[in-house]
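Enquirer: One letter stands for each residue in the lines below.
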Amino acid sequence: MKIKNQILFIILLLNLAESAAQISSDNTRNEQSLERKLTIEPAIGIKPWPISDLLVSNLVQWNFKKHLSLVSHTSYSYNNAFLRDFNYIKTNYNYSLSQKLGIGASVYSKHSSHTFSLIAGIKYDAFKETMNNPEFEIFSASSSGVSPDMGIMYNLKIGAKKYFFSYRMYLPLTPYPIQTSDIYSIDTNLANFTLEFGIGIRLK
Amino acid sequence: MKNLVSLLLILSLASCNKEEFNLSLTKELSINSTFAGANFIIKIGLPENYDPGSQKYSSIYVLDGEENFDYVAEKCKQISGDLSKSNVLVISIGYGNDRSQDYTPTVTNAGGGGAESFMLFIKNELIPQIESNFAADTSRKSRVILGHSFGGLLATYAFTNYNDLFGNYIILSPSLWYDNEIMFRLEEDFRNNNKQNHQLVFMGLGQLENQGRMLVPFQAFYQRFQNHYPDIMLKQNIVSHMDHSGSKKPNIKEGLTFYFLNK
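Those protein sequence lines, which keep their order, are chains A and V. Okay, so the first sequence: first residue is 12 according to this note's numbering, each after it adds one. Okay, so the second sequence: first residue is 767 according to this note's numbering, each after it adds one.
If you're looking for bench data, these hints aren't it; they were derived computationally from the structure. Possibly wrong hints are sitting among the right ones.
[Claimed, not checked] The calculated BS3-like cross-link candidates involving lysine-lysine, where the alpha carbons are at most 30 Å apart (straight line), are: (1) V/K907 <-> V/K841; (2) A/K139 <-> V/K793; (3) V/K841 <-> A/K101; (4) V/K907 <-> A/K139.
[To be verified] Listed next, with one range per pair, are the computed distances between beta-carbon atoms: (5) V/H994 <-> A/F93: 31 to 37 Å; (6) V/R957 <-> A/I149: 18 to 24 Å; (7) V/R951 <-> A/Y135: 33 to 39 Å; (8) V/R951 <-> A/S151: 46 to 52 Å; (9) V/Q844 <-> A/I55: 34 to 40 Å; (10) A/P61 <-> V/R951: 49 to 55 Å; (11) V/E832 <-> A/P61: 36 to 42 Å; (12) A/P159 <-> V/Q844: 25 to 31 Å; (13) V/S1006 <-> A/I212: 43 to 49 Å; (14) A/S83 <-> V/L886: 26 to 32 Å; (15) A/E146 <-> V/L886: 24 to 30 Å; (16) V/R951 <-> A/L182: 58 to 64 Å; (17) A/E146 <-> V/Q895: 34 to 40 Å; (18) A/L206 <-> V/D930: 28 to 34 Å.
[Unchecked claim] Every beta carbon over 12 Å from chain V, so not counted as near; a handful from chain A, in silico: (19) L79; (20) I149; (21) G156.
Source: prediction; values computed, not measured. The beta-carbon is built from N, C-alpha and C at its ideal position, and this holds for glycine as well.
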């Protein structure tokens, strides 16, 4: 079952790339002005489920063909930002680091470009909590670990000049359905779903 | 269009492994509880070759039964077979009142504090019906309670306040943060009585349950089991890469395996 899911994941990747390559340009002049060889796009963002994780990230995109690109996405997430003290449970630290690489397919409209990327990499999570209820013993516990992180990223770029607006949405495909077919594990996917906004810089 | 089809294929194939317990081995009854003030649908999963005339069976009482019964019953069948152990009766407790009412020990913004009434329903209405209508072993050591999240909180409440009822506890991602960690106070209040009893306790959690309320009370309570209960078989499992809901099924499997190994 897992092997079938992974094969279909690759089929989806190829379909996306092929579709993007087949899209004919009705507005070649616009595409040429919107086409960027190399961009760097820092951003800030949130994880909406729950609305308590804040993040900073950076996307580097290299368009080696007009409609195809390689992308690198790096992020740092400050987790549980608004519930650091709950019922005598204090969060000492709670953060995630992520690095993903992937392939993207871009389509162009009049003033913007839309890039759909399949990206994969790893995520490191670390947190520590202390229970400091005056009735009981003080107790601390910590956890850390590396997880696979794969999914689909949508990136909208608006503007044709050197600086442009960049928006991205990341939809994780791990653990469901890539690692497990248990639909209950989708809460882990949702906890890693992100929305990001920033300014992009055209380098080439 | 091609991409949409690919995506739908992924999702449909991924969902094709839904377990459903054998209907011919499932009995159902309804209990209108005067203690809990609600009607409960109870499902009983029977072992294959169930023979009430020749033996008595241990029983696993499953909270959030409507969600968990099929998976627990299938895993009991599989694990008992793999370990060459006698299978058990799987008792699914459906919802009566809302679970935030039935599974919580005190009244707060998060729950209605109906755990005491719910446990009285289990003790005085459910267990007597099961043990009179089915070939259930009536000893404490033959009863298991299994719960996740608020269900884990209720299973912990069963340990502290009704320890004479169950000898085995599968406590998964328990909400031990509830009401400023009130379960720690209850554990202290009843410890002197409970530490005389033999216990089997399995606790499970997801590695990514990092919302600032799950990990530290989990580990603190586990340490209390380690430090204060001399006659306990104790194990914990942290499921890698999984959050609250995603860790449930792997921990059910681990918990049942631990129980059957030591049964």
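Enquirer: Each hint: holds or not?
Expert: Taking the hints in turn, this is what the structure says about them:
{"no.": "1", "hint": "V/K907 <-> V/K841", "result": "holds (20 Å)"}
{"no.": "2", "hint": "A/K139 <-> V/K793", "result": "violated (46 Å)"}
{"no.": "3", "hint": "V/K841 <-> A/K101", "result": "violated (37 Å)"}
{"no.": "4", "hint": "V/K907 <-> A/K139", "result": "violated (37 Å)"}
{"no.": "5", "hint": "V/H994 <-> A/F93: 31 to 37 Å", "result": "holds (35 Å)"}
{"no.": "6", "hint": "V/R957 <-> A/I149: 18 to 24 Å", "result": "holds (19 Å)"}
{"no.": "7", "hint": "V/R951 <-> A/Y135: 33 to 39 Å", "result": "holds (36 Å)"}
{"no.": "8", "hint": "V/R951 <-> A/S151: 46 to 52 Å", "result": "violated (20 Å)"}
{"no.": "9", "hint": "V/Q844 <-> A/I55: 34 to 40 Å", "result": "violated (48 Å)"}
{"no.": "10", "hint": "A/P61 <-> V/R951: 49 to 55 Å", "result": "violated (28 Å)"}
{"no.": "11", "hint": "V/E832 <-> A/P61: 36 to 42 Å", "result": "violated (25 Å)"}
{"no.": "12", "hint": "A/P159 <-> V/Q844: 25 to 31 Å", "result": "holds (27 Å)"}
{"no.": "13", "hint": "V/S1006 <-> A/I212: 43 to 49 Å", "result": "violated (38 Å)"}
{"no.": "14", "hint": "A/S83 <-> V/L886: 26 to 32 Å", "result": "violated (60 Å)"}
{"no.": "15", "hint": "A/E146 <-> V/L886: 24 to 30 Å", "result": "holds (27 Å)"}
{"no.": "16", "hint": "V/R951 <-> A/L182: 58 to 64 Å", "result": "violated (43 Å)"}
{"no.": "17", "hint": "A/E146 <-> V/Q895: 34 to 40 Å", "result": "holds (39 Å)"}
{"no.": "18", "hint": "A/L206 <-> V/D930: 28 to 34 Å", "result": "violated (52 Å)"}
{"no.": "19", "hint": "L79", "result": "holds (15 Å)"}
{"no.": "20", "hint": "I149", "result": "violated (9 Å)"}
{"no.": "21", "hint": "G156", "result": "violated (6 Å)"}
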